[in-house]
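Participant: Taking the numbering used here, the leading residue of the sequence shown gets -10, the next gets one more, and so forth.
None of these hints come from the bench; they were simulated from the model. Ideal Cβ placement from N, Cα and C applies to all residues, glycine included. Mixed in with the good hints, there may be bad ones.
[Unchecked claim] Listed next, with one range per pair, are the computed distances between beta-carbon atoms:
no.: 1; residue 1: Thr165; residue 2: Ser(-8); range: 30 to 36 Å
no.: 2; residue 1: Ser78; residue 2: Ile117; range: 34 to 40 Å
no.: 3; residue 1: Arg42; residue 2: Arg14; range: 42 to 48 Å
no.: 4; residue 1: Asn155; residue 2: Arg91; range: 40 to 46 Å
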Amino acid sequence: AWSALSPMAAAEIERVAVQRDWGDRMLLFHQGEHCGGLHILQTGMVKLFIATRDGREQTLYIQTEPGPITLLPLLDGEPYAQSAAALGSARTSYVSLEDFQRLYAAHPDFAAAVQSEHARRMRAVISITDMVALRPVVARIALYVQARAQGLGALENAAWFQIPVNQEELSHAAATTRE
-10 AWSALSPMAA AEIERVAVQR DWGDRMLLFH QGEHCGGLHI LQTGMVKLFI ATRDGREQTL
50 YIQTEPGPIT LLPLLDGEPY AQSAAALGSA RTSYVSLEDF QRLYAAHPDF AAAVQSEHAR
110 RMRAVISITD MVALRPVVAR IALYVQARAQ GLGALENAAW FQIPVNQEEL SHAAATTRE
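Sequences are here, hints too, so could you generate the full structure?
Facilitator: What follows is the structure, encoded as structure tokens:
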């Protein structure tokens, strides 16, 4: 839906957006901060996560595709519900809250793209919640390993296979903390 913006809306976003470059682990925004505008991922990866005061962290989503990074605070006027950090180098476009609201009102295709993307993400949250609430961690890891093995073609004739994944990536896939 985001890629289906009209040329007029896309040109208007490009006209008002400010390009920003982010280094590895640089915070784009922090959970609880006031939202001043829309971050749109152009290149790279961004991790959305929540963290406790004692440093425990839960990854919610890793965004790799170009598009809006978070929409919730733009739609409800509340602070950011999660933090976002670049994974490696990333480039974003930033549209101020005032420009976002103007675009939303003036371009129905922009409003429809925002709503569609928000709905897609809500469905992903429901899926994650369902998995976390109904399956123990061991079962979630087994499902992840099975899906990765299938994706690598390792389930056909391989006696063993290796999945290149670190502890943080595995904890994200299993919807649990690294501990």
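Participant: State for each hint whether it applies.
Facilitator: Outcome of the hint check:
1. Thr165 with Ser(-8): 30 to 36 Å: 33 Å, holds
2. Ser78 with Ile117: 34 to 40 Å: 27 Å, violated
3. Arg42 with Arg14: 42 to 48 Å: 19 Å, violated
4. Asn155 with Arg91: 40 to 46 Å: Between Asn155 and Arg91, where Cβ atoms are some 42 Å apart, the hint holds.
Against the hints set out earlier in the document, violations occur for numbers 2 and 3.
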